[in-house]
Amino acid sequence: MTHADRLLAWYDRHRRTLPWRAAPGERTAPYRVWLSEIMLQQTTVATVGEYFRRFVERWPTVEALAAAPLDDVLSAWAGLGYYARARNLHACAQAVSDRHGGRFPEDEASLLALPGIGRYTAAAIQAIAFDRPASAVDGNVERVIARLYAIETPLPDAKPDIQVRAARLVPQQRAGDYAQAMMDLGATVCIPRNPRCVICPLMQNCKGRKLGIAEELPRRAPKAEKPTRRGLAFVLLRKDGAVLLRKRPAKGLLGGMDEVPSSPWREGPFVESSAMSEAPVPARWTVMTGLVRHTFTHFHLELTVARAIATTGRLAGLAPGTSWCELNKLDERALPTVMRKVIEHAVKA
DNA sequence: AACGCGTGGGG
DNA sequence: TCCCCAAGCGT
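Numbering (UniProt numbering), first residue to last: 1 to 349.
It cannot be assumed that every hint is accurate.
Stated by the list, open to error - Here are the in silico distance ranges between beta carbons for each label pair:
#1 163 with 297: 19 to 29 Å
#2 164 with 199: 24 to 34 Å
#3 113 with 160: 20 to 30 Å
As the list claims (entries may be wrong) - Calculated pairs, BS3-like style, for lysine-lysine (alpha carbon to alpha carbon, straight line, at most 30 Å):
#4 247 with 226
#5 210 with 159
#6 239 with 210
#7 341 with 247
#8 207 with 223
#9 239 with 223
#10 247 with 159
#11 341 with 226
The set of hints was computed from the structure by calculation and includes no laboratory data. Being a predicted model, the structure only gives us computed values, none of them experimental. Glycine is no exception: its CB is placed at the ideal position from the N, C-alpha and C atoms.
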């Protein structure tokens with residue numbers, strides 16, 4: 001019995017039902033495979049579920065998604081993080097509609113040419129949507145392979161070796177099930193801490209287990225410490241319960257998303273009086289007690305929050321790119337989580 | 001080829 | 001409270 005046979009037999013018994021997963025023996029439509037894979041990049045299954053359902057209900061086809069305004073896509077994506085994914089998702093939908101007549105290509109080169117589709121996602125789409133024997137190596141598979149072969153080289157240096165070994169195991173038959181089985185194994189059995197080796201279908205083959213070092217693998221290069229940036233966020237409220245928002249630049253951190261105005265976020269000591277000079281409008285700003293803390297990929301953020309009530313006279317001439325949004329309609333806006341926390345902090349206190 | 005890029009849950 | 005890390009990609 002080969003590695004793939006053992007894994008597929010396990011998968012047939014333990015296959016999970018997921019929103020994007022077709023019934024046994026059937027294929028998920030390429031649009032759904034693609035959409036779920038983009039959402040699942042660096043994001044947990046539990047988080048993605050509801051977003052996936054909302055997206056496919058609102059945009060049932062790639063052409064519908066391509067026809068949507070980018071801002072609608074960003075709003076629907078709000079909270080999922082890594083917002084470049086949403087921008088690329090939209091661009092990719094348009095490319096598939098325009099270049100490929102609304103059908104996803106099956107070959108690796110064409111897939112890799114689409115925005116937001118890299119090595120892993122191209123392989124996952126080939127395998128899951130088209131049952132082609134492509135090797136999809138994500139973080140789960142890296143862990144499984146590193147343990148299976150007791151690869152002691154730390155990531156990311158071990159990646160080429162892992163890629164080669166993973167590719168050698170891919171079966172010609174049931175490639176889609178195999179790809180999902182490897183990821184499921186990593187997500188439910190060969191987990192980062194306290195791996196459940198005793199129920200693992202590959203236990204007999206696992207060199208890491210034999211050596212007693214499975215849980216320590218994969219080793220990783222030490223990561224850099226995160227600096228802390230600080231700033232002052234301005235929540236301007238209208239008496240009827242609306243808040244002033246502005247649009248962030250199209251690229252970079254939270255690119256294309258909405259935010260409340262704020263002073264620049266900088267490392268080092270926070271000087272409230274100088275930050276206050278960045279206020280979007282002259283008003284009686286009240287500095288709230290407490291801080292809003294948020295951690296991004298590469299830095300911690302501590303925002304002090306100032307609040308003011310807008311007087312009707314100065315509402316008209318606000319800077320371009322700014323707009324009012326009623327507090328009960330914030331869900332419809334492209335507000336990242338950090339900004340929801342800021343507004344909540346300002347309103348509830 | 002490093003680095004920039006979000007967020008939430010678990011230990 | 002903190003650290004880890006998750007179905008990675010673009011530059």
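Hint check results:
1. 163 with 297: 19 to 29 Å: Distance hint for residue 163, residue 297 holds at roughly 24 Å.
2. 164 with 199: 24 to 34 Å: holds (28 Å)
3. 113 with 160: 20 to 30 Å: For residue 113 and residue 160 the Cβ distance comes to about 23 Å; the hint holds.
4. 247 with 226: holds (26 Å)
5. 210 with 159: Judged against 30 Å, a Cα distance of about 22 Å means the pair holds.
6. 239 with 210: Answer violated: residue 239 to residue 210 is near 67 Å, above 30 Å.
7. 341 with 247: The hint holds at about 17 Å.
8. 207 with 223: holds (27 Å)
9. 239 with 223: Outside the cut-off at roughly 47 Å; violated.
10. 247 with 159: violated (38 Å)
11. 341 with 226: Distance of about 21 Å is within 30 Å: holds.
This entry does not satisfy hints 6, 9, 10, going by the numbered hints stated previously.
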